[in-house]
Amino acid sequence: MDTDERTVQILTDSRIAIEPLKNRKNHTHQIEQIRKKVIELENHKWTTEFNWIKAHAGHQGNELADQLAKEAATSNDINECYSRVPKSTVKS
Numbered sequence: 002m003d004t005d006e007r008t009v010q011i012l013t014d015s016r017i018a019i020e021p022l023k024n025r026k027n028h029t030h031q032i033e034q035i036r037k038k039v040i041e042l043e044n045h046k047w048t049t050e051f052n053w054i055k056a057h058a059g060h061q062g063n064e065l066a067d068q069l070a071k072e073a074a075t076s077n078d079i080n081e082c083y084s085r086v087p088k089s090t091v092k093s
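With my numbering as the guide, the letters of the sequence shown map in order to residues 2 to 93.
Hints were generated in silico from the structure; no laboratory data involved.
There's no promise every hint is true.
[What the hints assert, rightly or not] FRET-style restraints, in silico, Cβ to Cβ:
id: 1; residue 1: LYS46; residue 2: THR75; range: 34 to 44 Å
id: 2; residue 1: THR75; residue 2: HIS45; range: 34 to 44 Å
id: 3; residue 1: ILE32; residue 2: ARG7; range: 21 to 31 Å
id: 4; residue 1: GLN61; residue 2: ARG25; range: 28 to 38 Å
[As the list claims (entries may be wrong)] The calculated lysine-lysine pairs, modelled on DSS-like cross-linking and capped at a C-alpha distance of 30 Å, are:
id: 5; residue 1: LYS23; residue 2: LYS37
id: 6; residue 1: LYS26; residue 2: LYS38
id: 7; residue 1: LYS71; residue 2: LYS23
id: 8; residue 1: LYS71; residue 2: LYS38
Each residue gets a CB set at the ideal place from its N, CA and C atoms; glycine is no exception.
Assemble the whole structure, with the sequences as input and the hints as a guide.
Encoded structure:
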């Protein structure tokens, strides 16, 4: 095993978010941007995994994402919501 390999996991509670990435016929701008980023990461020895997780099942990152999304949806200042997330939380 190459010790330089790294893995990034993208977790979502939305199957609708993962399905377009699996469909090679989907060439929307956003999907193509994600694919380009994945290829760029692979060129730097990163492996990218997209996984579905059950919503509202106690996953810390998912619960935080839900909370921030709700706050952002009701806030006039979206930057205020996201500036309260410590970088250590994002990294974990």
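How the hints compare with the structure:
1. Against the hinted window of 34 to 44 Å, the Cβ-Cβ separation of LYS46 and THR75 comes to about 41 Å, which satisfies the hint.
2. The hinted window of 34 to 44 Å between THR75 and HIS45 holds, with their beta carbons roughly 38 Å apart.
3. A hinted range of 21 to 31 Å for the beta carbons of ILE32 and ARG7 is consistent with their spacing of about 23 Å.
4. Remark: the range hint 28 to 38 Å for GLN61 to ARG25 is upheld by a beta-carbon distance near 33 Å.
5. Straight-line distance between C-alpha atoms of LYS23 and LYS37 comes to about 14 Å, which keeps the hinted pair within the 30 Å bound.
6. Of the pairs offered as hints, the one joining LYS26 and LYS38 holds, with about 18 Å between alpha carbons and a cut-off of 30 Å not exceeded.
7. Distance restraint check for LYS71 and LYS23: the Cα-Cα separation of roughly 28 Å lies within the 30 Å cut-off, and the hinted pair is therefore satisfied.
8. At roughly 27 Å between alpha-carbon atoms, LYS71 and LYS38 fall within 30 Å of each other, so this suggested pair holds.
The earlier numbered hints are all upheld by this structure, with none contradicted.
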